[in-house]
Amino acid sequence: IVAFASIWPARGGHNLAADLVRYDPAAAEGLMDFLFIELMLWGKAQGCASFDLGMTPLPEIEERSLAPVWYDIGHRIFVHGEHFVGFSELRHFKDRFRPKWHPRYLAAPGGWRKLPRALTDAAALIKPA
Numbered sequence: 014i015v016a017f018a019s020i021w022p023a024r025g026g027h028n029l030a031a032d033l034v035r036y037d038p039a040a041a042e043g044l045m046d047f048l049f050i051e052l053m054l055w056g057k058a059q060g061c062a063s064f065d066l067g068m069t070p071l072p073e074i075e076e077r078s079l080a081p082v083w084y085d086i087g088h089r090i091f092v093h094g095e096h097f098v099g100f101s102e103l104r105h106f107k108d109r110f111r112p113k114w115h116p117r118y119l120a121a122p123g124g125w126r127k128l129p130r131a132l133t134d135a136a137a138l139i140k141p142a
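Add 13 to a position in the sequence shown, counting from 1, and you land on the number used in our numbering.
What the hints contain is simulated information worked out from the structure, not anything from laboratory work. What you are looking at is a predicted structure, and each value in this text was computed from that prediction instead of being measured. Treat each hint with caution, since some may be false.
Computed cross-link-like contacts, SDA-like style, restricted to lysine to any residue with a CA-CA straight-line distance of at most 20 Å [said to hold, decoys possible]:
id: 1; residue 1: Lys-107; residue 2: Leu-48
id: 2; residue 1: Lys-107; residue 2: Ala-62
id: 3; residue 1: Lys-107; residue 2: Leu-33
id: 4; residue 1: Lys-107; residue 2: Gly-43
id: 5; residue 1: Lys-113; residue 2: Pro-38
id: 6; residue 1: Lys-107; residue 2: Ala-30
id: 7; residue 1: Lys-107; residue 2: Phe-47
id: 8; residue 1: Lys-107; residue 2: Glu-51
id: 9; residue 1: Lys-57; residue 2: Gly-25
id: 10; residue 1: Lys-57; residue 2: Lys-113
id: 11; residue 1: Lys-107; residue 2: Ala-41
Please put together the full structure from these sequences, using the hints given.
Written out as structure tokens, the structure is:
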């Protein structure tokens with residue numbers, strides 16, 4: 014096995030989403046493209062109307078004043094981040110499939126003091142144990 018992805022139906026079974034994606038960095042170039050294209054084709058054959066590539070930070074995040082803090086936090090909770098040099102590379106990979114991006118936000122009560130706990134809880138929901 015040089016790559017795998019766990020997938021799950023979304024939005025009533027008419028859409029497919031990649032959850033956990035892993036591959037051997039020593040594998041052939043283009044492996045991730047191949048994996049995602051095959052997943053999309055399989056989903057289409059199963060009657061799925063769309064494929065969810067997952068979340069990706071906004072491209073501008075690295076340019077903001079708090080970028081080093083958010084960049085580090087993002088790396089700790091992001092699902093596919095360890096296979097890419099940075100968020101911009103991950104965003105570039107996903108952009109090649111011409112996705113429709115939809116904003117997602119995380120809000121936590123209590124301001125900055127409660128944010129670490131909210132991010133820890135979010136990471137627990139995203140990352141497998």
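Each hint tested on the structure:
1. Lys-107 / Leu-48: holds, 13 Å
2. Lys-107 / Ala-62: The hint holds at about 18 Å.
3. Lys-107 / Leu-33: holds, 15 Å
4. Lys-107 / Gly-43: holds, 13 Å
5. Lys-113 / Pro-38: Status violated; Cα separation ~28 Å.
6. Lys-107 / Ala-30: Between Lys-107 and Ala-30 the Cα gap is close to 13 Å, so the pair holds against 20 Å.
7. Lys-107 / Phe-47: Roughly 13 Å separates the two Cα atoms, so the pair holds.
8. Lys-107 / Glu-51: holds, 15 Å
9. Lys-57 / Gly-25: Holds, at roughly 15 Å.
10. Lys-57 / Lys-113: holds, 17 Å
11. Lys-107 / Ala-41: holds, 19 Å
Comparing the model with each earlier hint shows a violation of hint 5 alone; every other hint is respected.
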